[in-house]
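2 protein chains.
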Amino acid sequence: MTHHAPLFDDDFAQRFETLLRWRRDVRHFAPQPVAEQVMADLLAQAVLAPSVGHAQPWRFVRLRTPGLRAALADHVDEQNAVAAGEHAGHARYDDYVALKLHGIREAPEIMAVFCDEQPLAGHRLGIATMPEMLRYSCVAAIQTLWLAARLRGIGLGWVSILDPRTVTAMLDVPPQWSLIALLCIGYPAEPSDKPELEQRGWQSREPLADRVFER
Amino acid sequence: MTHHAPLFDDDFAQRFETLLRWRRDVRHFAPQPVAEQVMADLLAQAVLAPSVGHAQPWRFVRLRTPGLRAALADHVDEQNAVAAGEHAGHARYDDYVALKLHGIREAPEIMAVFCDEQPLAGHRLGIATMPEMLRYSCVAAIQTLWLAARLRGIGLGWVSILDPRTVTAMLDVPPQWSLIALLCIGYPAEPSDKPELEQRGWQSREPLADRVFER
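Quick note, the sequences are listed as chains A and B, same order. Position 19 (the first sequence) corresponds to 19 in my numbering; numbering is contiguous. With the second sequence counted from 1, adding 1000 to any position gets you my numbering.
Extracted from the complex, chain A is given alone in its bound form (with noise of 0.2 Å):
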């Protein structure tokens, strides 16, 4: 424990702006695996995220089973093509289908991440007007995960066209567990500094000025 406040330097300002330009949705994956003390060094990380009442609301499930992980392949696909279906009739439908949208099949690492909506630890405090806090410190988790990730050259996914009531029974959790992320984890194909969407077209980023408002 370091007992004086750590001053960051210009040099670490640049780098972690770079961290964060390079971070990126990632669904193409290459077939290298993730060493499990990195895996471990991810997970340690995530928890030094802020959460509300500092409850830990966050519940990680590495897939291990190969047939569970083909069965969210499955299921993704199938919600996908439902997805696809709001396109339909739109010149976007077939930028639609065209993209890539999960990389569960190949990623080294699946991790879904769950929130326990009771959790003992925090006692309550912060919820009470807002309970969604707890799912919102789990969020916090998963970007924490996610720049810890890039850090390390490993890319992170996350899906989210699924059922999560669906999902969350193939998982087998406590009752009071919600789903918050699917994430598939591993070494990029392709790192890069522009999201794939933008790169495709779908969305291109916007000005902040259009993001910030007075009141």
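Simulated from the structure, these hints should not be mistaken for laboratory data. Please note that a few of the clues may not be correct.
Computed spacing ranges between beta-carbons, pair by pair [to be verified]:
id, chain 1, residue 1, chain 2, residue 2, range
1, B, Glu1198, A, Ala70, 40 to 48 Å
2, A, Pro175, B, Pro1066, 45 to 53 Å
3, B, Ala1040, A, Thr65, 45 to 53 Å
4, B, Asp1010, A, Gln118, 37 to 45 Å
5, B, Pro1031, A, Ala44, 32 to 40 Å
6, B, Pro1031, A, His4, 20 to 28 Å
Covered stretches of chain A, as calculated for chain B (at least 3 residues, CB under 8 Å) [stated by the list, open to error]:
id, region
7, 16 to 22
8, 42 to 54
9, 77 to 91
10, 123 to 135
11, 148 to 162
12, 188 to 199
13, 205 to 212
Every residue gets a Cβ at the ideal spot worked out from N, C-alpha and C, and that includes glycine.
Please arrange chain B on chain A, whose structure you already have, making use of the hints.
Showing chain B alone in chain A's frame:
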């Protein structure tokens, strides 16, 4: 734009770990203002966060009206009195009322973060079955802002003891925006690598092993 994927060395990795360890939820602020350019830099880094479908659904509302700040502080104090009632008759009650849970009156900067639940950007990619992904994207931006702030010696406090509908009405935003966070931003009075709730015996950090499961 760099065209070769960056490598991050051990020195950076160690300082990144230090950054994570010194990120705190701050409720005690020094009076020193945050320079306008620094606020702009923080926001510019926050929006490097991932967002579902690249929808960039975050909407940042900076508070400039003293009367609004006072009204928000009063509202949070009221809600906090209600929340304290949950602990009445329990040994924890005295600990609860001794906690300072927000710095709304004294923080140099107050900012609300909203999620646009119907963003034009992203063309609804990735939210057919999990519309909450839009809100989760906003949380990823907040955690990014949090780290960007800490890098600059600035603290952030996330206030969640409030009624989101009341605060949303106070801030007079479009009807499809939902409140994600009310943030206090400024230099911390006492930087620390230990959460205040841990220092005060409310809740300790739990072992990572209790958070990781396999299926």
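Results for each hint:
The supplied range of 40 to 48 Å is met by B/Glu1198 and A/Ala70, whose beta-carbon atoms lie about 42 Å from each other. With their beta carbons about 47 Å apart, A/Pro175 and B/Pro1066 fall inside the hinted range of 45 to 53 Å. The given range of 45 to 53 Å is respected by B/Ala1040 and A/Thr65, whose C-beta atoms sit roughly 48 Å from each other. Checked against the hint of 37 to 45 Å, the C-beta distance between B/Asp1010 and A/Gln118 comes to roughly 40 Å, which is consistent with it.
Distance hint for B/Pro1031 and A/Ala44: a CB-CB separation of about 36 Å, consistent with the stated range 32 to 40 Å. Here the CB-CB span from B/Pro1031 to A/His4 is close to 22 Å, well matched to the stated 20 to 28 Å. Remark: the region 16 to 22 of chain A is confirmed as covered by chain B, as 7 of its residues place a Cβ nearer than 8 Å to a Cβ of that chain, reaching the required three. Counting residues of the region 42 to 54 of chain A whose C-beta lies closer than 8 Å to any C-beta of chain B gives 10; at least three are required, and the coverage claim holds.
Residues of the region 77 to 91 of chain A lying with their CB closer than 8 Å to a CB of chain B number 5, which satisfies the three-residue condition for coverage. Evaluation of the coverage hint for the region 123 to 135 of chain A: fulfilled, as 11 residues show C-beta separations to chain B shorter than 8 Å, against a requirement of three. Under a criterion of three residues with beta carbons nearer than 8 Å to beta carbons of chain B, the stated coverage of the region 148 to 162 of chain A is upheld, 8 such residues being counted. Coverage of a stretch by a chain is defined here by at least three residues with a beta carbon nearer than 8 Å to that chain's beta carbons; for the region 188 to 199 of chain A and chain B the count is 7, and the condition holds.
Chain B is given as covering the region 205 to 212 of chain A, and this holds because 5 residues of the stretch bring a CB closer than 8 Å to a CB of that chain, at least three being needed.
The structure shown violates none of the earlier numbered hints.
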